[in-house]
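Student: Sequence:
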Amino acid sequence: DERPAFDIHDVGRDILDTMESTLTNVRKRTSTGEKKVDKSSSQNNRVGFSAIFAKDCEDYEVCRVFLSTLMLCNCGNIAIHNGGDGERLAKDLQVELLDAMFQPPMETYLAPSEQVLVTDDKDKEN
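Quick note: to get the numbering used here, add 145 to the position in the sequence shown (first position is 1).
No lab work stands behind these hints: they were computed from the structure.
Treat the hints with care, since some could be wrong.
Distance windows between CB atoms, simulated [stated by the list, open to error]:
no.	residue 1	residue 2	range
1	258	147	34 to 42 Å
2	227	255	28 to 36 Å
3	195	151	18 to 26 Å
Note that this is a predicted model, so its numbers are computed, not measured.
Here a beta-carbon is modelled for each residue, glycine too, at the ideal position from N, C-alpha and C.
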């Protein structure tokens, strides 16, 4: 049984799109197209973990979604909360949307050694 290729960034974008369509308080600004999240109540920005993947998906797809969810949490797009009281069960996980604009971290990352070079180049221009 061959599985489709896994692209963590594509799955991450799908998660954000699913959350955005599920939540009613996420709006796009018309002037810039930037997605803005209403942060007045974090409870309103939460969905259950099971809401971000298809009910009939394969086990490996759940693993891919969870891995992508962890990546989005690390990037600051979402926060993961234990939604239940007492025992910490996977079925109680809540995912909170913090920022609907996804930027793959390696596309915007600039290593400290490169930052020095960029700063030096800017100093030379002035």
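Student: A range of 18 to 26 Å was offered for this pair. Does it hold for the Cβ distance of residue 195 and residue 151?
Tutor: 20 Å, holds
Student: Are residue 227 and residue 255 spaced within 28 to 36 Å by their CB atoms?
Tutor: Holds, at about 35 Å.
Student: Regarding residue 258 and residue 147, is the given constraint of 34 to 42 Å on their beta-carbon distance met?
Tutor: This hint holds: roughly 41 Å between Cβ atoms.
Hint check: no violations occur; every hint is consistent with the structure.
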